[in-house]
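Going by my numbering, the residue at position 6 of the sequence shown is -9; the numbering climbs one at a time, nothing skipped.
Source of the hints: derived by calculation from the structure; they are not laboratory data.
Some hints could be false.
DEER-style ranges, computed between Cβ atoms [as the list claims (entries may be wrong)]: (1) GLU183 - ARG96: 11 to 21 Å; (2) GLY228 - LYS139: 15 to 25 Å; (3) THR79 - LYS159: 37 to 47 Å; (4) GLN32 - ILE81: 17 to 27 Å; (5) GLY219 - GLY140: 38 to 48 Å; (6) VAL198 - GLU58: 24 to 34 Å; (7) GLU138 - PRO100: 18 to 28 Å; (8) THR158 - ASP210: 35 to 45 Å; (9) ASP52 - ARG141: 26 to 36 Å; (10) ALA42 - ASP169: 44 to 54 Å; (11) ILE193 - LYS225: 54 to 64 Å; (12) PRO39 - LYS165: 45 to 55 Å; (13) ILE131 - ASN154: 14 to 24 Å.
Ideal placement from N, C-alpha and C gives every residue a C-beta, glycine not left out.
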Amino acid sequence: MKKLLFLTATILLLAACSPSPKEFQYSWEYHYMDSTYEEGEDLTAAQIITKYQPMLADLMEIIGYTDRVIKKESGAESELSNFAADAMRIIAETSINEPVQVGLTNYGGIRTDMPKGDVRVYDIYSIFPFNNKVVICKVKGSNLKIFLDKMAEKGRMECLSGVELVVDNKKLTKCYVAGKPIDDNAIYNFAVNDFLLEGGDGVSLGSISESMVNTEVIMRDGIVDYIKDLTAAGQKIDPKKDGRIVIINNEMR
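Please take these sequences and the hints and turn them into a complete structure.
Dropping the structure here:
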């Protein structure tokens, strides 16, 4: 029974890190788990476990630590949404070796909370299970302002980094990037995942971008490296709600 449970857990873990959906063929046989059962008969399960043991070990690698549960919560911002957007922006900066002013990812791409204590690769794959890649768009300030204003009008702000926004009755009344009002004529580097770039969740950046660079970095893999860098610098995973998005006079998810 222990072997069966372990095999099931192994398959689930491997499914979490699979780069794309795959079709599997399987078969089974009934065995009475009594004195007539011979452990030697379970060679197939043992062979499967042996084959995938290295991958399982990679998934269970401890990469960081947090002293509390980092939650995905509804509202204008949450600790986990801020963490995801900040990580997105820093991943992009590392990829092109130049400042990236804004990071954007979608709430729907965050599937669960980050657990308290040791954080493993498996946890990050569970939180961010999709194969979204990091894309960097160059966006004119005037278009960036329009884009953020439309997001406010919809009553739905996604996970953002590098901005300070105030939304009053679904109207954008403050719009700062990198601590300053948006310059209509400036060009900003805007990091986004390719799901949103292509219109996912009703968000579309492609039409307002001057140019784009696909880093080919899968977001969750970049986040694993980002956490490893935090750990190497002696830092815990410790995101905060910092008031980057303030909502007045209306409900917003």
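Verification of the supplied hints:
no., hint, in the structure
1, GLU183 - ARG96: 11 to 21 Å, "20 Å, holds"
2, GLY228 - LYS139: 15 to 25 Å, "21 Å, holds"
3, THR79 - LYS159: 37 to 47 Å, "29 Å, violated"
4, GLN32 - ILE81: 17 to 27 Å, "44 Å, violated"
5, GLY219 - GLY140: 38 to 48 Å, "41 Å, holds"
6, VAL198 - GLU58: 24 to 34 Å, "32 Å, holds"
7, GLU138 - PRO100: 18 to 28 Å, "36 Å, violated"
8, THR158 - ASP210: 35 to 45 Å, "37 Å, holds"
9, ASP52 - ARG141: 26 to 36 Å, "31 Å, holds"
10, ALA42 - ASP169: 44 to 54 Å, "52 Å, holds"
11, ILE193 - LYS225: 54 to 64 Å, "30 Å, violated"
12, PRO39 - LYS165: 45 to 55 Å, "49 Å, holds"
13, ILE131 - ASN154: 14 to 24 Å, "18 Å, holds"
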